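Respectively, the protein sequence lines represent chains H and B. If you're matching positions, the first sequence starts at 1 in the UniProt record's numbering and goes up one per residue. If you're matching positions, the second sequence starts at 1 in the UniProt record's numbering and goes up one per residue.
No wet-lab data here; the hints were simulated from the structure.
Short derived list, chain B residues pointing at chain H, Cβ under 8 Å:
#, residue
1, A36
2, V154
3, E187
Computed list of lysine to aspartate or glutamate pairs in EDC-like fashion (alpha-carbon distance at most 20 Å, straight line):
#, chain 1, residue 1, chain 2, residue 2
4, H, K113, B, E192
5, B, K121, H, E192
6, B, K121, B, D100
7, H, K156, H, E30
8, H, K121, H, D85
9, B, K156, H, D217
10, H, K121, B, E192
11, B, K5, B, D232
12, B, K156, H, E214
13, H, K156, B, D217
14, B, K121, B, D85
15, B, K5, B, E170
16, B, K113, H, E192
17, H, K5, H, E203
18, H, K121, H, D107
19, B, K121, B, E106
20, B, K121, B, D107
21, H, K121, H, D96
22, H, K121, H, E106
23, B, K5, B, E203
24, H, K5, H, E170
25, B, K156, B, E30
26, H, K156, B, E214
27, H, K121, H, D100
Taking beta-carbon pairs under 8 Å as the criterion, some of the chain H residues facing chain B (in silico):
#, residue
28, L19
29, Q29
30, A45
31, R46
32, D80
33, S119
34, R120
35, R195
Computed from a prediction, not measured in an experiment: that's the story for all the values here. Glycine residues also receive a C-beta, built at the ideal position from the N, C-alpha and C atoms.
There are 2 protein chains.
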Amino acid sequence: MAKPKRVTAGVLLIGDELLSGRTRDVNLQEIATFLAPLGIAVAEARIVSDEADRIVMALNALRTSCTYVFTTGGIGPTHDDITADAVAAAFGVSIDVRDDALAVIEDWYSRSKTPLTESRKRMARIPDGASLVTNPVTGAPGFQIGNVFVMAGVPKIMRGMLEDVAHRLEGGAVTHAITVSAGGLREGDLAEALRTLQAGTLEVSIGSYPFFIETRDGAPRRGTNLVARSTDQGALNSAGEALMQIVRDAGGEPVLEDGAKR
Amino acid sequence: MAKPKRVTAGVLLIGDELLSGRTRDVNLQEIATFLAPLGIAVAEARIVSDEADRIVMALNALRTSCTYVFTTGGIGPTHDDITADAVAAAFGVSIDVRDDALAVIEDWYSRSKTPLTESRKRMARIPDGASLVTNPVTGAPGFQIGNVFVMAGVPKIMRGMLEDVAHRLEGGAVTHAITVSAGGLREGDLAEALRTLQAGTLEVSIGSYPFFIETRDGAPRRGTNLVARSTDQGALNSAGEALMQIVRDAGGEPVLEDGAKR
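Just chain H, with the same shape it has in the complex:
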């Protein structure tokens, strides 16, 4: 049987506010969850500030090492929105206000009776050779150039843009996941058995994640979530059974969780 095709994504999150601690990113998780059912696995993510050279360097690294790259942030109308220009620089193409993008923005703002200022026109700056990505929330489009998709940083707008991205992607083998939760057990109670299982099950990747929950009555609850991930559903099911048994052998009561949690 042919080895299933591995399709990878790089995610580049752009914005001073993500590095200063002001804002906690939510887009990476959203993108990963969106891509997973398409058979596209996020291989690496980087977070950089609104500085052209940092964006260019990170983008060039990711777009050569990953099948696709998804960027968020820096495509609004203000002076600190420099992503489009940086992407053009990374690809070595020119950039200017483009008629197709301007038409979209003009139409959007005329409907909402908002004046089309010079700053808003800047949002029509699109690199040569790029195709537009529809923004169903605030009008100003994102764009695709080569294997790179450039999207807004505001989560609601980013999610809207993803809808115009999915049909452009060629996915690979879908990675499925099974989670077995072992309340009351620590990683160290399970580690030896997990190591043996992983060594004998190369087509399944097994992860172990301790958790600590403060319950309502103040008593801490702890345990370990075991996650098996694989493109092979049969191997995954066997690994799931094995994980259940490992938890039982350690004196725990395994709980099979929603498979959507990867």
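Use these hints to put chain B onto chain H, whose structure you have.
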């Protein structure tokens, strides 16, 4: 006057679960918020999977470009915890179970009457030349090697370890921030004036962040937060005044927000 010293941090978040979408990282924001008052600014963050070559490559890039590097994740007792070995490989030093780390772990587990398995002993694997970082939550230590601090991925443990990190850091000039919130105004209403302000105020960095809030009665509320950041408190105060005036000029009512939000 001498230019204030710029001290930077790279953050390396390690773990398949962060890239698969299973887990949303909270450590980056925590680290950034912890470092800011020390005068250390996060310059770049990377998120990589539990694969040795990816960890080594990212760590070597960050530790040469930043003053300090902080890693989270991959130092537990299970087979997928390979961070310590990868860090040793990145530094080209050997690694083995070390007596000082083992003593800490033995002491911790004997108090909690938890058996010290071979897997738990693995948590005493510390690279040659590293110093231990105390873990006040679950015992097994992190470590410092050169300019790199290796910490746990579980947020509660990571926060605990930071307490034993602060005193080892030499900070620089502290970046202060002022946030002016402009409810009801969009970025495009303010962009021209912001551009002019930024062009004339090079010692202050001005950021603009649109927000969309779904209110309880379902009516969306939108607006723009303007953030000025600077190591120069005088310049920052002037910029704050200028931002307030820009919002008023655009017909809005500026609200000065808690300065702790960077």
